[in-house]
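Chains as they are written, first to last, in our numbering: chain A, 1 to 184; chain B, 1 to 215.
Be careful, since some hints might not be right.
Unchecked claim - Pairs of lysine to aspartate or glutamate residues, derived as EDC-like cross-links and limited to a Cα-Cα distance of at most 16 Å, are as follows:
| no. | chain 1 | residue 1 | chain 2 | residue 2 |
| --- | --- | --- | --- | --- |
| 1 | B | Lys-9 | B | Glu-77 |
| 2 | A | Lys-111 | B | Glu-47 |
| 3 | A | Lys-99 | B | Glu-50 |
| 4 | A | Lys-111 | B | Asp-48 |
| 5 | A | Lys-160 | B | Glu-77 |
| 6 | B | Lys-142 | B | Glu-77 |
| 7 | B | Lys-44 | B | Glu-77 |
| 8 | A | Lys-99 | B | Glu-77 |
| 9 | B | Lys-142 | B | Glu-49 |
| 10 | A | Lys-111 | B | Glu-77 |
Said to hold, decoys possible - FRET-style restraints, in silico, Cβ to Cβ:
| no. | chain 1 | residue 1 | chain 2 | residue 2 | range |
| --- | --- | --- | --- | --- | --- |
| 11 | B | Ala-154 | A | Val-109 | 39 to 47 Å |
| 12 | A | Glu-138 | B | Gly-79 | 43 to 51 Å |
| 13 | A | Leu-96 | B | Ala-112 | 14 to 22 Å |
| 14 | A | Arg-105 | B | Lys-192 | 27 to 35 Å |
Simulated from the structure, these hints should not be mistaken for lab results.
Where a beta carbon is used, it is the ideal one built from N, C-alpha and C, also for glycine.
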Amino acid sequence: MAWIEWFNLIIGFFIANALGYGGGPASIPLMYREIVTNHGWTTPSEFSNILALGNALPGPIATKIAAFVGYDTGGWVGSVLALAATIVPSAAALILLLKVLQRHRQSSVVKGMTLLVQPVIAVMMLLLTWQMGESSIESIGIVQSLIIAAVAFWAMQIRKIHPAIVIVAAFAYGGLVIPHLNVM
Amino acid sequence: MAVAWMKSKYLQLAWAMMKTGIIGYGGGPSVIPLIRYEAVTNYKWMEDEEFGEILALSNALPGPIATKIAAYLGYREKGMLGAVVSVLAHILPSGIAMILLLSFVQFLSGAAFIQGMIGAVIPVISVMLGMMAYEFGERAVKGLGIYAGIAFFALAFGLLQGIRLHPAIVILLFLGYGALHLRTVAALKRRKERKHRKRLQRANEKGGGITRGMD
């Protein structure tokens, strides 16, 4: 029986991620449909627990969910299979596509494509910045958000401090100071 | 971080991807500035343009973003094995923590200090994303010229935010036009030159510069 479950894990996680555009968070509803509705690997409340822990831990969300549900359903083998089905197809597609691009790097077609995609990326980043800012104001208030943002900008852009250090500092501040400020 | 044994590409890949996997909160897009920092600024595997290209294509393809980028960076530096090393380093720490910690789920996600940590890191990520947006915008203006740059910027904004077209479609549209862009610019330039030459010729035939302002 394990074979069938393993096979289902591959199919389920492949479908959820092959249809999920826009990265991990965007594929959560699709994963829910495969995991809870189609295959019944977890109950709805278990799924929301997994999601909650997944959000509390760092790292990509889709692979954390795949690792756990795969493990819960089919042991370590299940975990590996669910992870592979999540990652490998889209990663292989990207590698192939970029390999073709690299081969024609000097052509004016590829140069034009590289050029024209920059404004789109800039706008997408801008919109993402805006969304992040909004959710930050919602969770810790505008004053805290602006102070942290200003300090982070000063540290990274002017003092050129490594972003990892800035993030760890923000974690420390958030874990030790913010809970006592009554802003949340 | 430039210790001698860090010279190995595999170790660089594994270390960079592990770092970004551990400090990248919120999944997917929030980790992009961190990966860019490692790939472009820290280890100088590539230029910003190339990273932008990788980002655009991985946005246009389905599936998780961070693992696609990790796989490609690994593949670009060290082939298939590099891709495997990068992806594993990126996902294993959090994946294993997830399996081991599931019993603490209620405690962890409800605890005030976790909420505070997530709250405090969002503004930092916003600043990083904003800085990235500025740099990509700057490069677009430099490559396309100020007027065309702003026009394409406005067009992308209108499509993404105004009519809320799917980002993958916008990227494909711009890539499609981009394939023809340099040829179009060259053709426009040629036409302008031809016109200019013709006008000069006509002016010469009439024997003077008096035609100015007549056409």
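Would you list, in rising numerical order, the hints stated earlier that this structure does not obey? 5, 6, 10, 11 and 13
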